[in-house]
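2 protein chains.
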Amino acid sequence: MSTCIAVTDSVERWGVFEIALEGKTAGNPFTDYEIKGVFQGDCEHKCVDGFYDGEGVYRVRFMPSFTGEYTYKIYGSFRDGDAVEGRFMVTPAGEGNHGPVRVSHVFHFAYEDGTPYYSIGTTCYVWALQREELQEQTLATLKDSAFNKIRFCIFPKHYDYNLREPYSYPYEGTPCDSSVLTPENFHDYNGCAPGNDWDYRRFNPKHFAHLERRIKDLMELGIEADLIVMHPYDRWGFSLMSKEEDDLYWKYVIARFAAYRNVWWSLANEYDLMPQKSLADWERYAAIICEKDVYGHLRSIHNCKQMYDYTRPWITHCSVQRIDPYLSGERVQEWRERYQKPVVLDEIVYEGNIQHNWGNISGEEMTRRFWEGAVRGGYPGHGETYLAEDHILWWSHGGVLKGTSPERFKFLLQILQETPGPGLKPYVPNPFGEDLAGTVDSLIPVPYYLYYYGYRRPGFKEYYFDDEKEYVAEVLDTWNMTVTKSGAFRGKFKVELPGREYIAVRIYEKGLLAEYPQ
Amino acid sequence: MSTCIAVTDSVERWGVFEIALEGKTAGNPFTDYEIKGVFQGDCEHKCVDGFYDGEGVYRVRFMPSFTGEYTYKIYGSFRDGDAVEGRFMVTPAGEGNHGPVRVSHVFHFAYEDGTPYYSIGTTCYVWALQREELQEQTLATLKDSAFNKIRFCIFPKHYDYNLREPYSYPYEGTPCDSSVLTPENFHDYNGCAPGNDWDYRRFNPKHFAHLERRIKDLMELGIEADLIVMHPYDRWGFSLMSKEEDDLYWKYVIARFAAYRNVWWSLANEYDLMPQKSLADWERYAAIICEKDVYGHLRSIHNCKQMYDYTRPWITHCSVQRIDPYLSGERVQEWRERYQKPVVLDEIVYEGNIQHNWGNISGEEMTRRFWEGAVRGGYPGHGETYLAEDHILWWSHGGVLKGTSPERFKFLLQILQETPGPGLKPYVPNPFGEDLAGTVDSLIPVPYYLYYYGYRRPGFKEYYFDDEKEYVAEVLDTWNMTVTKSGAFRGKFKVELPGREYIAVRIYEKGLLAEYPQ
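Quick mapping for you: the protein sequence lines, in order, are chains V and L. Counting from 1, position 312 in the first sequence corresponds to residue 804 in our numbering; the numbering is continuous, with no gaps. Counting from 1, position 51 in the second sequence corresponds to residue 543 in our numbering; the numbering is continuous, with no gaps.
A couple of the hints might just be wrong.
To give an idea of the chain V side of the interface with chain L (calculated C-beta under 7 Å), a few residues [stated by the list, open to error]:
#	residue
1	N845
2	R949
3	K953
Listed below are the simulated DSSO-like cross-link pairs for lysine-lysine, each with C-alpha atoms no more than 30 Å apart in a straight line [unchecked claim]:
#	chain 1	residue 1	chain 2	residue 2
4	L	K797	L	K735
5	V	K797	L	K986
6	V	K986	L	K833
7	L	K797	V	K984
Because the hints were derived from the structure by calculation, they are not lab data. Where is the CB? At the ideal position from N, CA and C, for every residue including glycine.
Extracted from the complex, chain V is given alone in its bound form (with noise of 0.2 Å):
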């Protein structure tokens, strides 16, 4: 009665092997029936969950860590009769892939190829449900861009700026009437608003398809897709459903979207703004995960104003919403400390205009905070929020970047890329811890220093380290993206300095770096 659709016989490290079997259609297969998969390599033996796709047809999805053969074996109630067996080849990861993010010395991040990942991220809260032509704007946006994370929801939002109907849903059903909100009424339909008529115990496959294709049109352009499960920001009562639709929806999200390489799991965006969760309940999204994603991509959750105690054992790197006006990258030490993992600054506010003070900064300002949360070994993500009569915010709907820090990230990126070690350690070098460096991240000391100046503009600033090793000073413009070799200096040396704002000057010993110009 059921027949094997689809199989590959071949997929490379960390891609994405796929079967899709026809099976039972009656009742509702998305809760009374189950399929799973067990795959077999020389190296590893996985366990996963299936899931139905709609329109008869089942699928379980592999994401191999090693090359070589495999074998595999489908299995559930799905279908009646034997399992379904087969085998296939992994070969070596192709150019650009490098596996999925993990964490590294503890503070930061290497993809499982070993290749260091400096983190750039930014946040597009559904530029994945806007209309296909935007949808492809924004893809072509971050491949001219030096992002390779991007936050983004798999509900839709409901949210200031962010009113019009999703390009999908998640559940079968109809939506509530969005035609009669207002930028002064949104408020009110916070939730469940009247109206909407959804079975959450039916997903809408095409929804979550569409989600697939974007994490691959991601994954294709080196960018890590940070997915953010659940949010507060909803009128159609996604955010209010009971523990056991949730675990459904968890269930089902982690069956489709865990074997790319490329996702992160973002158990919410602003927590602390859902009161109808528990900690509790986060906590057990959380087991869930750990249980049912096979490959342990990496997991945080972001936080409005009450830091989650990201302590907790499941987390894998901190994910900040800053929660001061003043102060973001500027705390990533005390952070450090705090968590012992990596701290990943998600919101240190957006450039924009909008009204609201988490989105009006300047290109300037936005550019700062990420240098003083990365010279500490931090990691700032980005996103822009400027008023356009269109209502297309960057922040909300992707599109095109408006603002002038973006540009600044390829620079930044280019000089983290450089760091001759894994990442950077806050390094304090003065007795009034106002002069910031950052050094590299390593238990042997290696002679690079990257200090940063920020609001500050020394005319010029003097260095010393130690009396035998020679050293290369750049002047970096971290806001005109030069490059200007200072010297080569013994001992105790001074440095001028453009006494501009938002200068940064790169320190090793000479032979550690390629000098510049090169």
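Guided by the hints, dock chain L onto chain V, whose structure is given.
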């Protein structure tokens, strides 16, 4: 044997009434004899110490706080024979004379005649000990500025960019050789350098008379003289005197300067950089002021890294140096709540471009810090440290201002002077606590709100206070120093904003202020 050599028969209220008498010169007149005065009017009775002014002349000074006829009696061991007695008239205060500045409404200041005083201070540590022409230039600069308070030292200063010999010395003796000093070696001369030969029990009256001339010059410009009585930047040993020598100095300073209405006492600059002085020492100096300064001039002490306990009863106001590289004016609310006294931010770092991180912010950042502090009801102070070939830096020497912030303080002062009440207090209107405004610091609410957006660049903002009153909204560009009336509103209303940094919005009930343009 002793003659009354100078006495006027009238003085204005809060002016300086002075009697000069010849007296004994044998031994050490600074320590061996005393001179005291008793002054009696209808409303006050004061006993003050006089002082030896050199060349056989002793002086007693008195600042009357009331008008009408006063009598005086001068006595003491400085001469043999009966007390010298006389009478004089105190006339009403002349134009521009509002009396000494007092604390007003817990957190603010007013002159004794009730006129509010909104402090806009600057720091020129040893402007009065530079060559004569430079001092005159400083006075001319101050005359054309918004500054109504200046912090400066009685002792000369030994520090970076300030290694020359001072105009004069406070004691009889000879200084160490300063010709050997360089920017590199000057630290080796900290404290009491070899070659000093001072008699710390014999003052140089010319030094003090010169400072009095400058205090009077400031008084005529309506500028408060915030006298830094002690400080750590020393190569002459003035910071290392014995307890007895210190106390002698304090009494001499008070006897000479206390009768000038514009004097404030700053016990120290950066008291915590003087490990040779204990807390008990500072408290002893404070007790001397409280006893000897019969006029109750404002009293404080300035910190470096460690705030003094500003709750001490003798302290009239906080004299804060920012203790965080990023935050200064932003912390006013915390300090107001903790200390329940006016918060004067005497050092929020300086505009300039020197190598030290306390001296290289932009004019924009300086102006921003002023506004952040001022809207919260604090009183920020300025300083300027631009590198100069002649090593004339305003912060130390005075001269001319090169920065861009001082011009903007005129606008701020104008806005503060238009406050319909004693000063501002923080007003936090929204639940996120990030829309910051000041409102009138009074028990009865005044419909007056001064929002400040600082680095934020909202394109518009919405406000709501009540449905009844009609409000006027004005957009203040604190950098370009313009006031643009937005309109008059009732209920919830929206104000269009330029989407630039450094914008304030002033909202008040129609009729409360004269509206712009006037």
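Status of each hint after checking the structure:
The restraint placing N845 of chain V at the interface with chain L holds, with a minimum CB-CB distance near 4 Å, inside the 7 Å limit. The interface hint given for R949 of chain V is met, as the beta carbon of that residue sits about 5 Å from the closest beta carbon of chain L, less than 7 Å. A hinted interface residue such as K953 of chain V counts as satisfied when its beta carbon comes closer than 7 Å to some beta carbon of chain L; here the least separation is about 5 Å, so the hint holds. For the proposed pair K797 of chain L and K735 of chain L, the alpha carbon gap of about 25 Å is at most 30 Å, so the pair holds.
Under the criterion of a C-alpha separation no larger than 30 Å, the hint pairing K797 of chain V with K986 of chain L is consistent with the structure, at around 26 Å. Restraint check for K986 of chain V and K833 of chain L: the C-alpha separation of about 43 Å exceeds 30 Å, so the hint is violated. Restraint check: the Cα-Cα separation between K797 of chain L and K984 of chain V comes to about 26 Å, which is no more than 30 Å; the hinted pair holds.
Comparing the model with each earlier hint shows a violation of hint 6 alone; every other hint is respected.
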